[in-house]
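Novice: Given the coordinates of chain Y, assemble chain U with the ligands onto it according to the supplied hints.
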Amino acid sequence: MSKISNSSRVIVCDGNEAAALGVGLARPDVVAVYPITPQSSLVEYVSQMIADGRLQAELMNVEGEHSVMSALQGAALAGGRTYTATSGPGLAFMFEPYIRAPGLRLPMVASLVTRDLLTPQCVWGGQQDAMSVREAGWIQIYCETVQEVLDTIVMAYKIAEHHDVMLPVNVCHDGNYLSYGVSRVELPDQAEVDAFLGPRDVNWHVALDPARPMAVDPLTGGAGGGGPAMFVKYRKGLCNGMQNALRVISEVHAEWGERFGRFHAPLVEEYSLDGADYALVTIGSMTGAAKDAVDAAREAGEKVGLIKVKTFRPFPVEALSAAFAKVKAVGIVDRAVSFGWNSGPVYQESLGALYRTGRHIPAISFIGGLAGADITAEHFARIIETTAKAVTGAVPDGPVWVNENDQ
Amino acid sequence: MTAQAQTLTAKDFKSDIKPVWCPGCGDFSVLSAVTKALAELQLRPEKVAVVSGIGCSSRIPAYTNVYGFHGVHGRALATATGLKLARPDMTVVVTGGDGDGFSIGGNHFLHACRRNVDMTYIVMDNEVYGMTKGQASPTTDPDWCNSKLTPEGPGVTKLRPLNLALAAGANFVGRGFSGDPNEVARLIAEGIQHPGFSFIQVLSPCVTFRSEQRGWKDIVRKDTLKPRHTMAEAMQVLAEDDGFNTGILFAGDRPPFQPGQKAVTELAAIERRFAS
Ligand SMILES: Cc1ncc(C[n+]2csc(CCOP(=O)(O)OP(=O)(O)O)c2C)c(N)n1
Ligand code: SF4
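Protein sequence lines correspond, in order, to chains Y and U.
With my numbering applied, the first sequence closes on residue 407, and no number is skipped along the way.
With my numbering applied, the second sequence closes on residue 1276, and no number is skipped along the way.
The shape of chain Y in the complex, shown without the other chains (with noise of 0.2 Å):
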């Protein structure tokens, strides 16, 4: 039976508030922004819940997303939890500081509101983005609906905060579907989601601690001496923090459960896979549609399934070679490209959890929802169509591009 709690209030908003929200109930120090589209109305939700006095915290409008990352990570590095969110562009120009915040284990969250990246010229969802940044060293989780976006902001802080991760966190939902998309959420109570997180503990070893003064990532040791041995332990470090980070993202997503009700699949989720022949793989807000695609095929009698990943990074192989051992074809959904691979980036990924297996079935990679793009019921129609004959071996040369041919 699930456990509502008591004192959550019922609202409607879309996914950039619901976000907003989850970074009030998590209380951060300090919250860095530049605006971009489709983040803007996220980071200003945060200012005037910070105006109201709603949020004890400094909110800095800085010049560019390169300096949001990297004021950031001063305040982290002071001990301060952080919050910021961008999209698209925004992350490119990021890039630099972003991909330090791995190596110096500093536990902060950001949102990351997924576009399509540039060129052609393009404002809307896609999650190229996101993939883009997929082995700097951030923890990825992707939200299906506008309660996991709040949720998973909350959980994100746990996460990256547990001793055994030390880790960074995106957490990612699409633009433009989740960031505009309005739907009922329930809002956790402030001293419930208190009780969740429990006392502050910052406990990161790079963080300004007055008993230890110290100088924070200076360029020692050389080739051949000190460095490359120390280089190896750090980068060790943080693989292991990444491997960590499975268990500990499913025990507080656990954790999250019992305390307010809602079970959200932590890595991979599972969905209709019971006596499934096939099934198709998805990640982030394109899977509701797919779920009624898979619904409306299993009452015309198809045996289809479908695989969630919520997890990309670190990457579910356990998780999800469990799921893949269970179906003799799968159609993967991605929307991003991999270039060079001429297939999506989840595709690429889950061969290698499908080499786990010691199966080689057939996996067919679609990809869609480029640019904002839609992709519909009837779409997954199809695209369950063209994996259920994969079972018996007939694989498309090539990925399938799900919107080629929309008008």
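Heads up, a few of these hints could be off.
To be verified - Only pairs whose alpha carbons sit at most 20 Å apart, straight line, appear in this in silico DMTMM-like list of lysine to aspartate or glutamate:
1. Lys-389/Y with Asp-277/Y
2. Lys-328/Y with Asp-277/Y
3. Lys-1222/U with Glu-1240/U
4. Lys-326/Y with Asp-277/Y
5. Lys-1148/U with Asp-52/Y
6. Lys-291/Y with Asp-374/Y
7. Lys-1148/U with Glu-63/Y
8. Lys-1014/U with Glu-1040/U
9. Lys-1133/U with Glu-63/Y
10. Lys-1158/U with Glu-63/Y
11. Lys-1148/U with Glu-58/Y
12. Lys-1133/U with Asp-14/Y
13. Lys-1047/U with Asp-1089/U
14. Lys-303/Y with Glu-269/Y
15. Lys-1226/U with Asp-1253/U
16. Lys-389/Y with Glu-302/Y
17. Lys-326/Y with Glu-385/Y
18. Lys-1014/U with Glu-1046/U
19. Lys-1148/U with Asp-14/Y
20. Lys-326/Y with Asp-274/Y
21. Lys-1047/U with Glu-1190/U
Think of the hints as simulated: they come from the structure by calculation, not from any bench.
Specialist: Then chain U with the ligands, alone, in the frame of chain Y:
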């Protein structure tokens, strides 16, 4: 077919794409002023490039009939510098907003001024980020409270673009008002003709997020800035300037950066001076 090139009018420099700006946006007149200036100088469209960053104002290249590039937010000047160095025969005009030029691209503004490459930079200053729906920019007053991002005002000292341009070494500095497009066209034509880096701030109201800027027409003073030729004199004028004087503030004589020719270190000359 005559061998003689025909006389071009402003219309010949406009593309047939309809601008998507809000009705009443100041940028319409700036577009007209740019095309007027190009026609007045009788430049050939294939010899002109308009480079921009990102913002409402940065949409200008698509609305002209010359070469155009809609670049990266804040990087128009860097891109334009590369273009000019590769094709010194082109007339290069750079357009954008106060956010693009002074916020995210502020660094390039300083270096473009000091590098003094021969091009003309037009900033449509509306003291706001129009495209992202009304946030404070570096030229916004610290107590402007109408942005959702800074409901209590940005609270930060406002940047003075003309002072910066001058201090950083721009060779031509002027200010216009979009309500007077003929004057803006004159400034642009002068800026293009003046060797080196020319900077023109155009007060260009954002009627959607700063509707009070419609009142600028009653405050702006026409042609009160007269060209000074030394930095000291121009600085003195700026010391008294409230931001609403228009005209040419400064026309210097610093030789522009010459492509293919390294900046000459006059070491030999200095040595000679010490030896004598
Ligand atoms: C790296 C990056 N960050 C943020 C944005 C979002 N953005 C687009 S235009 C703009 C500001 C535009 O303001 P301004 O240059 O003053 O031009 P205006 O729209 O007012 O003409 C911003 C923040 C972006 N495109 N790229
Ligand atoms: S938002 Fe402002 S700057 Fe942009 S087109 Fe409209 S009036 Fe012009």
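Novice: Hints broken by the structure, by number, lowest first?
Specialist: Going through the list in order, the structure violates no hint and respects every one.
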